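Sequences are here, hints too, so could you generate the full structure?
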Amino acid sequence: MSAFKPLGGRILTPAFLFFFTVFIISLYFMVERFTDGMGAVANINSGYPWGIWVVYDVIIGTGLACGGYALAFTVYVFNKGKYHPLVRPALLASLAGYALGGFGAIFDMGRWWQFYNILLPWNWNFNSVMLEVGLCVSLYIIVLIIEFSPAFLERIGAKGLLKVLDKVLFFFIALGLLLPTMHQSSLGSMLIIMGYKVDPLWQVVHFQPLLAVITAMIMGYSIVIYEASLARVSFGGSDETPLLSVLGKVAVGLMAAFVVIRLVILGSQGKLGLIFAGDMSSILFIIEMALFILPAVIIMSPAHNQSPAKLVIAATAMLFAGSLYRFNAFLFTYDPGAGFSYFPSGPEIMVTLGVIAFEIMIYLIIVKTLPVLHRSEQA
Amino acid sequence: MKRRDFLKSGLGAAALCGTAGVVSEAEARPNLEPAEEAVGMLYDSTLCVGCKACVYKCKEVNGMEPTYRDGADYYDSASDLSGDTLNVIKIYKDGNGKYKDAEKNGFAFEKRSCMHCVDPGCVSACPVTALERQNRTGIVTYNPDACIGCRTCMTACPYNVPQFEYDETFGQINKCQMCNQKGVERIDNGQMTGCAEVCPTGATLFGTRDALLAEAKKRTALKPGETYNYPMGDLSKPDSYHEKAVPDYKDHVWGEKEAGGTNVMHISAVSFDKLGMPPLEERSYASVSEGVQHTLYSYLALPAVALAGLSFVVKRNADSDEGGEQ
Ligand code: SF4
Ligand code: SF4
Ligand code: SF4
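Protein chains in written order, with the numbering used here: chain D, 1 to 379; chain G, 1 to 326.
Keep in mind that the hints were calculated from the coordinates and are not lab data. Incorrect hints may appear among the rest.
Unchecked claim - Derived SDA-like pairs (lysine to any residue); straight-line CA-CA distance at most 20 Å:
{"id": "1", "chain 1": "D", "residue 1": "82", "chain 2": "G", "residue 2": "317"}
{"id": "2", "chain 1": "D", "residue 1": "167", "chain 2": "G", "residue 2": "318"}
{"id": "3", "chain 1": "G", "residue 1": "315", "chain 2": "D", "residue 2": "149"}
{"id": "4", "chain 1": "G", "residue 1": "237", "chain 2": "G", "residue 2": "210"}
{"id": "5", "chain 1": "G", "residue 1": "315", "chain 2": "D", "residue 2": "161"}
{"id": "6", "chain 1": "G", "residue 1": "274", "chain 2": "D", "residue 2": "335"}
{"id": "7", "chain 1": "G", "residue 1": "182", "chain 2": "G", "residue 2": "84"}
{"id": "8", "chain 1": "G", "residue 1": "274", "chain 2": "D", "residue 2": "337"}
{"id": "9", "chain 1": "G", "residue 1": "315", "chain 2": "D", "residue 2": "165"}
{"id": "10", "chain 1": "G", "residue 1": "257", "chain 2": "G", "residue 2": "282"}
{"id": "11", "chain 1": "G", "residue 1": "274", "chain 2": "D", "residue 2": "196"}
{"id": "12", "chain 1": "D", "residue 1": "271", "chain 2": "G", "residue 2": "281"}
{"id": "13", "chain 1": "D", "residue 1": "163", "chain 2": "G", "residue 2": "315"}
{"id": "14", "chain 1": "G", "residue 1": "274", "chain 2": "D", "residue 2": "339"}
{"id": "15", "chain 1": "G", "residue 1": "315", "chain 2": "D", "residue 2": "146"}
{"id": "16", "chain 1": "G", "residue 1": "90", "chain 2": "D", "residue 2": "340"}
{"id": "17", "chain 1": "D", "residue 1": "271", "chain 2": "G", "residue 2": "280"}
{"id": "18", "chain 1": "G", "residue 1": "217", "chain 2": "G", "residue 2": "269"}
{"id": "19", "chain 1": "D", "residue 1": "163", "chain 2": "G", "residue 2": "317"}
{"id": "20", "chain 1": "D", "residue 1": "82", "chain 2": "G", "residue 2": "318"}
Just so we're clear, the structure is a prediction, and the values are computed from it rather than from any experiment.
Shown next as structure tokens:
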């Protein structure tokens with residue numbers, strides 16, 4: 001029998017009301033976007049057609065939602081059954097992140113009322129990286145719902161359905177491993193066709209998919225560590241620090257690989273000199289690299305890796321590292337040529353904050369009502 | 001146990017490196033070739049007098065509002081492409097701006113409109129085939145009924161040409177379709193483009209890509225100071241000619257090769273980077289992007305194999321999990 005239990009307790013806590021208020025304010029601007037056009041709310045323009053709604057809500061948001069993906073690798077491919085307790089909360093966070101990414105994509109879609117066109121095979125352009133991303137992400141949201149559904153089915157006591165699901169779940173788990181590998185790497189491939197607009201330190205051409213998928217894994221592991229530590233601090237429960245520090249070590253391996261691979265690529269493309277050019281791009285690059293190296297140092301040190309607080313710091317640095325990598329490539333150093341600039345407007349930022357608040361609200365409601373968190377000690 | 005784990009991580013690392021290897025070997029397909037009867041335009045910056053007759057005509061053909069600046073409503077004064085402006089004349093100016101077509105202390109004009117790329121990034125990037133390169137003419141067209149407004153085409157166009165109507169509740173992409181969209185069809189009807197038709201100096205010249213390229217090469221090879229008889233309108237049947245002294249052309253036809261070439265080509269006496277043209281090499285980004293994508297996916301064969309392998313591993317591990325924790 002599963003030791004996953006609903007947390008119970010009040011839903012309308014002060015924290016919840018805070019997120020709710022943020023969401024309600026953002027709702028005003030979301031409506032305005034639909035009545036008056038995107039330009040009324042967002043500062044996107046002809047040179048910067050993609051602002052934070054795409055780059056944060058979708059490109060970074062789905063990266064941060066890779067916890068389920070990273071953990072599924074650990075549990076099922078490397079057969080580490082003892083990580084099972086972390087799977088459900090990670091899946092829930094992934095589902096929330098991806099669903100909200102999909103939601104973000106809808107209100108960022110200029111012609112949203114025709115969104116179904118991307119589902120009609122006769123429209124498909126197989127040369128388009130965006131097609132792959134769009135279809136794969138949609139499919140993955142469905143897979144996540146199926147992977148997470150046992151939590152709901154247990155709650156309503158649908159034993160029959162659970163049995164059937166149990167027989168076929170392996171296939172969806174496999175899909176849940178394949179699809180993020182595909183679309184997370186494709187998020188990187190989208191940079192290739194942007195050519196010179198992507199800063200040379202980030203325009204690694206053929207290697208875009210590889211770097212993108214490694215950052216997805218890193219972001220996935222970091223969010224698992226981060227959430228588990230935070231959930232323990234806020235809701236109590238079993239101490240998973242030893243488990244987490246092992247996950248942290250896997251992430252360190254990935255970060256080391258990322259840093260080495262990236263420097264080798266830049267070296268082979270003759271771009272190492274740009275790192276020390278002293279301009280905006282070089283500074284951002286150095287900050288980003290520092291954020292990748294810092295958590296590695298914390299986790300590798302035996303004095304630190306057993307401390308929950310230090311682990312949270314390491315996980316936070318990792319989150320920022322992956323996010324900054326994507327922000328830099330798609331937005332901060334993106335340069336379409338002279339005469340264009342972009343800085344998000346207040347309402348535009350508000351919409352993104354509203355999306356995040358909504359995501360957290362859903363997470364809070366679900367962990368309190370469905371068996372998601374592992375409660376071995378109290379059980 | 002330990003050794004098996006080690007082997008597995010080894011395998012994982014090998015798979016990563018293998019993928020990297022495959023992708024870095026990815027053969028980009030060659031750039032696309034120009035359409036057989038590709039039509040286009042030649043814009044000769046040295047002939048342009050900045051009258052903006054073409055800007056006006058373009059708006060008339062496409063039924064678009066004039067753009068006013070600084071409260072002046074007597075003249076269309078769009079400063080850049082927008083949802084309402086598909087063609088614009090821009091100015092390069094240096095120092096005191098006295099001499100036409102001089103890089104130092106001079107000025108020059110530059111036309112910005114869709115270049116009708118031979119290997120268009122916008123077409124390659126659009127998920128729903130809303131942008132298409134027409135087989136016969138090479139014209140790059142747009143279909144609002146298919147478009148979902150994702151604006152990937154804008155990120156993928158090296159010239160920042162496609163424009164989304166951000167101010168409309170139900171906006172769409174707008175771009176020059178060489179005056180050949182449904183309801184206009186000037187090219188199909190044997191006419192030339194609006195902007196070439198009204199150009200009083202022949203600075204914007206209409207014709208087939210081949211003929212225009214030959215004309216451009218002929219001009220850039222002329223001796224400065226010689227007189228040359230410049231055709232106007234449609235190169236295959238010019239309305240008229242005018243004689244003029246040859247300027248000091250740069251030996252460069254923009255659009256012959258850049259990112260696979262374009263059907264709208266430019267020549268000038270001022271270097272193109274000064275005129276705001278992007279830093280492009282010969283290889284089109286579209287060809288590289290498609291090469292990587294198709295290598296990774298091999299038309300879904302690779303993902304299918306991966307899915308089978310993953311299903312097997314997951315099933316085995318899930319089963320052994322039930323038999324007892326490892
Ligand atoms: S200039 Fe831009 S919009 Fe025009 S065909 Fe080329 S890529 Fe497409
Ligand atoms: S905005 Fe429209 S035309 Fe442009 S890439 Fe997206 S679907 Fe295609
Ligand atoms: S070809 Fe037609 S649509 Fe294109 S710039 Fe000229 S007038 Fe405008």
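Is the Cα-Cα distance between residue 271 of chain D and residue 281 of chain G 20 Å or less? Since the Cα atoms of residue 271 of chain D and residue 281 of chain G sit roughly 17 Å apart, the hinted pair holds (cutoff 20 Å).
Is residue 315 of chain G close enough to residue 165 of chain D, meaning Cα to Cα at most 20 Å? The given pair, whose Cα atoms are some 13 Å apart, holds under the 20 Å limit.
Proposed proximity, residue 335 of chain D with residue 274 of chain G (alpha carbon, max 20 Å): Distance ~17 Å between residue 274 of chain G and residue 335 of chain D Cα, so the pair holds.
Would the hint linking residue 315 of chain G and residue 146 of chain D be met if the CA-CA limit is 20 Å? holds (16 Å)
Pair hint outcome, residue 167 of chain D versus residue 318 of chain G [Cα-Cα no greater than 20 Å]: Given that 20 Å is the threshold and the Cα spacing comes to 10 Å, the pair holds.
Can you confirm whether the C-alpha distance between residue 257 of chain G and residue 282 of chain G stays at or below 20 Å? Holds. Residue 257 of chain G to residue 282 of chain G sits at ~6 Å (cutoff 20 Å).
Next pair to validate is residue 217 of chain G with residue 269 of chain G; report whether the Cα-Cα distance is within 20 Å. holds (13 Å)
Given the hint that residue 82 of chain D pairs with residue 318 of chain G, does the C-alpha gap stay at or below 20 Å? holds (12 Å)
Hinted pair, alpha-carbon criterion (20 Å max): residue 271 of chain D, residue 280 of chain G. Please report holds or violated. Roughly 18 Å between the alpha carbons, so the hint for residue 271 of chain D and residue 280 of chain G holds.
Residue 82 of chain D and residue 317 of chain G: Cα distance at most 20 Å? Holds: residue 82 of chain D and residue 317 of chain G sit about 12 Å apart, inside 20 Å.
Checking one constraint from the list: CA of residue 274 of chain G to CA of residue 337 of chain D, max 20 Å. Satisfied? Given pair residue 274 of chain G, residue 337 of chain D holds - Cα atoms ~12 Å apart, limit 20 Å.
Hey, residue 315 of chain G versus residue 149 of chain D, does the alpha-carbon distance stay inside 20 Å? The hint holds at about 19 Å.
In summary, this structure violates none of the numbered hints.
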